[in-house]
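Novice: Line order of the protein sequences matches chains A and B.
Counting with my numbering, you get residues 154 to 339 for the letters of the first sequence.
Counting with my numbering, you get residues 167 to 605 for the letters of the second sequence.
Keep in mind that a hint or two might mislead.
[To be verified] For lysine-lysine, the following PhoX-like pairs were computed, each having C-alpha atoms within a straight-line distance of at most 20 Å:
| hint | chain 1 | residue 1 | chain 2 | residue 2 |
| --- | --- | --- | --- | --- |
| 1 | B | LYS331 | B | LYS321 |
| 2 | A | LYS166 | B | LYS361 |
| 3 | B | LYS361 | A | LYS171 |
| 4 | B | LYS361 | B | LYS224 |
[Claimed, not checked] Which stretches of chain B does chain A cover? Using the computed rule of at least three CB atoms under 8 Å from a CB of chain A, they are:
| hint | segment |
| --- | --- |
| 5 | 257-266 |
| 6 | 302-312 |
| 7 | 339-352 |
| 8 | 423-435 |
| 9 | 505-511 |
Calculated directly from the structure, the hints in this document are not laboratory data.
Just so we're clear, the structure is a prediction, and the values are computed from it rather than from any experiment.
All C-beta atoms in this analysis are idealised placements derived from N, C-alpha and C, irrespective of residue type, glycine included.
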Amino acid sequence: MSALSSQVLEEIKELPAKYPQPRSAVMPALDLAQEELGHLTPEAMSEVAVALQLDPGYVEGVATFYSLFHLEPTGKHRFYVCTNLSCMLRGANEIVAHVKQSIGVTHAEQVSADGLFSYEEVECLGACEFAPMMRLDHKYHYDLTPERVDQLITERRAPTPLTPTLSPGGERERKPRAPRKKKADG
Amino acid sequence: MAELRGSFGDQSQHLLTRWFGTPDLHRLAVYESKAGGYTALRKALFDMKPVDLTNEVKTSGLRGRGGAGFATGVKWSFINRDAPGPKYVVVNADESEPGTAKDRYILENSPHMVVEGILIAAYAVGANQAWVYIRGEYDEPSRMLTEAIDEARAKGYIGPQPMGKDYPLDIRLYRGHGAYICGEETALLESLEGKRAQPRSRPPFPAVKGAWGRPTLLNNVETLATVPWIINNGGAAYAKLGTDKSPGTRLLTVSGNVRKPGVYEVEIGQTFRHVIMELAGGPPEGRKVKVFWPGGSSAPVLPESMLDVTTDAEALAAARSMAGSGGVIVMDDTHCVVRAAHRLLKFYAYESCGKCTPCRVGGDWAVRTYERILANQGSQVELDTLQRVSDGLQNGRCLCGLGDSAGWVIDSTLRHFREEYEDHALRHECNVGAVPANA
Numbered sequence: 154m155s156a157l158s159s160q161v162l163e164e165i166k167e168l169p170a171k172y173p174q175p176r177s178a179v180m181p182a183l184d185l186a187q188e189e190l191g192h193l194t195p196e197a198m199s200e201v202a203v204a205l206q207l208d209p210g211y212v213e214g215v216a217t218f219y220s221l222f223h224l225e226p227t228g229k230h231r232f233y234v235c236t237n238l239s240c241m242l243r244g245a246n247e248i249v250a251h252v253k254q255s256i257g258v259t260h261a262e263q264v265s266a267d268g269l270f271s272y273e274e275v276e277c278l279g280a281c282e283f284a285p286m287m288r289l290d291h292k293y294h295y296d297l298t299p300e301r302v303d304q305l306i307t308e309r310r311a312p313t314p315l316t317p318t319l320s321p322g323g324e325r326e327r328k329p330r331a332p333r334k335k336k337a338d339g
Numbered sequence: 167m168a169e170l171r172g173s174f175g176d177q178s179q180h181l182l183t184r185w186f187g188t189p190d191l192h193r194l195a196v197y198e199s200k201a202g203g204y205t206a207l208r209k210a211l212f213d214m215k216p217v218d219l220t221n222e223v224k225t226s227g228l229r230g231r232g233g234a235g236f237a238t239g240v241k242w243s244f245i246n247r248d249a250p251g252p253k254y255v256v257v258n259a260d261e262s263e264p265g266t267a268k269d270r271y272i273l274e275n276s277p278h279m280v281v282e283g284i285l286i287a288a289y290a291v292g293a294n295q296a297w298v299y300i301r302g303e304y305d306e307p308s309r310m311l312t313e314a315i316d317e318a319r320a321k322g323y324i325g326p327q328p329m330g331k332d333y334p335l336d337i338r339l340y341r342g343h344g345a346y347i348c349g350e351e352t353a354l355l356e357s358l359e360g361k362r363a364q365p366r367s368r369p370p371f372p373a374v375k376g377a378w379g380r381p382t383l384l385n386n387v388e389t390l391a392t393v394p395w396i397i398n399n400g401g402a403a404y405a406k407l408g409t410d411k412s413p414g415t416r417l418l419t420v421s422g423n424v425r426k427p428g429v430y431e432v433e434i435g436q437t438f439r440h441v442i443m444e445l446a447g448g449p450p451e452g453r454k455v456k457v458f459w460p461g462g463s464s465a466p467v468l469p470e471s472m473l474d475v476t477t478d479a480e481a482l483a484a485a486r487s488m489a490g491s492g493g494v495i496v497m498d499d500t501h502c503v504v505r506a507a508h509r510l511l512k513f514y515a516y517e518s519c520g521k522c523t524p525c526r527v528g529g530d531w532a533v534r535t536y537e538r539i540l541a542n543q544g545s546q547v548e549l550d551t552l553q554r555v556s557d558g559l560q561n562g563r564c565l566c567g568l569g570d571s572a573g574w575v576i577d578s579t580l581r582h583f584r585e586e587y588e589d590h591a592l593r594h595e596c597n598v599g600a601v602p603a604n605a
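Please put together the full structure from these sequences, using the hints given.
Specialist: Here it is in structure tokens:
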């Protein structure tokens with residue numbers, strides 16, 4: 154039983170052809186794996202390595218270098234709260250404290266008891282004119298206040314049709330994909 | 167689209183941002199009909215030779231807006247257009263310098279302006295394919311740029327015969343995955359090639375051996391977004407703006423303790439007093455500017471007394487700082503310089519790629535020293551250690567600029583705010599709000 158679905162493995166095998174050299178496919182491939190599983194397990198990284206004909210240690214070396222690859226489980230919704238200087242000067246540390254308290258975790262590796270939330274303090278996200286800010290579910294959220302954080306959490310605890318823009322599926326929601334083309338020779 | 171905080175509208179210094187805020191400017195049809203879009207590309211492909219394009223950019227005096235400020239036209243001329251085999255344009259959209267949001271501002275407002283600049287640059291240097299390396303956190307800018315590229319492809323501006331010209335042009339996107347070091351051009355190339363993003367030693371320079379071993383032009387988003395204006399209006403017109411050595415306009419991101427944070431396009435040569443106190447509205451009521459970072463967190467700090475320094479690279483160099491990425495971070499007198507420096511050193515230590523020893527070791531060493539000082543365990547020894555670590559990070563001891571930047575934060579805050587450091591380290595007290603030592 155493999156960690157990654159056969160559909161994702163097939164998609165990964167098609168990636169190298171999109172680049173001038175096949176190795177460039179490693180990050181997009183890890184993306185697909187993480188999208189499916191929520192985080193990168195050793196098995197998943199090995200399967201990516203096999204699919205791309207790379208050494209498993211090499212793939213893990215790439216995965217551990219970049220902060221957007223998670224090697225431990227995360228919440229379905231992960232708060233990436235900027236605490237670099239521009240946000241810090243406008244209250245980012247208070248926002249982090251409020252996030253931790255509201256989702257009931259004490260550190261970045263912990264996932265909330267209901268599995269819905271985790272958080273991380275991140276470096277500058279390049280939206281300094283809206284500080285303090287964070288990234289959540291592939292979207293930036295600006296001018297944060299404790300009340301705004303509470304609202305975002307409440308909406309995600311009970312997704313309703315009234316908030317259609319929110320992506321209730323969170324980070325791991327699978328995007329719909331075009332059906333794969335059948336190869337002529339099967 | 168998010169609310170605009172910064173420049174837009176018809177003002178003489180708004181070369182890039184003039185049409186920002188126009189409804190649907192991100193759509194090709196609106197970019198063409200309202201903002202005169204793609205006239206520069208047409209002119210480039212049919213009325214000018216590639217070498218003319220490079221010369222026009224040279225004449226403009228445009229300098230790279232990513233941080234290093236190298237002359238753009240000269241960089242273009244480094245690519246041997248006649249060398250056989252593929253050549254690439256790689257666009258640095260990995261905007262990660264703390265306090266810098268201008269490339270996001272451009273991409274979210276006018277992605278076609280960037281696409282047009284990329285296509286002109288590719289034609290000028292003899293490349294058929296461009297890769298935009300965009301930071302992974304930029305979901306919205308990435309989506310907008312993808313749509314713009316798709317629209318340009320559908321319209322026939324990207325493809326085997328753009329606008330009917332027999333010269334294939336293509337643009338592809340590559341998403342980063344969270345690493346500040348990817349803003350450094352050779353680390354970016356490593357990442358684009360599917361590796362850990364560790365800077366390369368140079369030579370060879372990317373112009374000779376860049377992406378996938380091929381000659382490569384690397385330019386920042388804002389730099390390329392400026393190119394259509396230069397081609398439309400001429401390099402000489404651009405060179406009339408700004409100062410002699412730093413011509414033109416640039417987008418300054420003003421953040422931190424100001425009333426109107428935003429991305430402001432200014433003619434280079436304005437004072438920081440104008441930028442911070444007028445455009446961004448100055449600090450909140452009852453507070454004073456204490457210190458500012460004039461060009462991203464990597465630019466050595468300047469105290470309030472130096473608000474009349476101008477925004478050109480030469481004036482900033484004379485003030486022992488740099489123009490950098492144009493990220494102006496303002497801190498008022500209710501905040502502690504030692505704590506701010508500690509936060510930035512944590513950033514540089516975390517983002518160190520680990521390839522060269524001074525940076526890998528120096529950053530962590532500085533953070534531990536700051537922690538002792540802030541825990542009231544400091545003494546003269548800690549102050550001396552900070553200075554020594556700072557010296558060890560600078561002046562070419564590291565493989566890339568990240569180490570220097572970390573050193574400059576320590577060095578410049580110590581230089582301008584010695585007394586505040588001594589309060590913490592020697593007297594174990596924090597006098598936040600006190601008048602800075604040398605200000």
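Novice: For each hint, tell me whether it holds in the structure or not.
Specialist: How the hints compare with the structure:
1. LYS331/B / LYS321/B: holds (14 Å)
2. LYS166/A / LYS361/B: holds (18 Å)
3. LYS361/B / LYS171/A: Cα-Cα ~17 Å, so holds.
4. LYS361/B / LYS224/B: violated (34 Å)
5. 257-266: holds (count 6)
6. 302-312: holds (count 5)
7. 339-352: holds (count 7)
8. 423-435: holds (count 4)
9. 505-511: holds (count 3)
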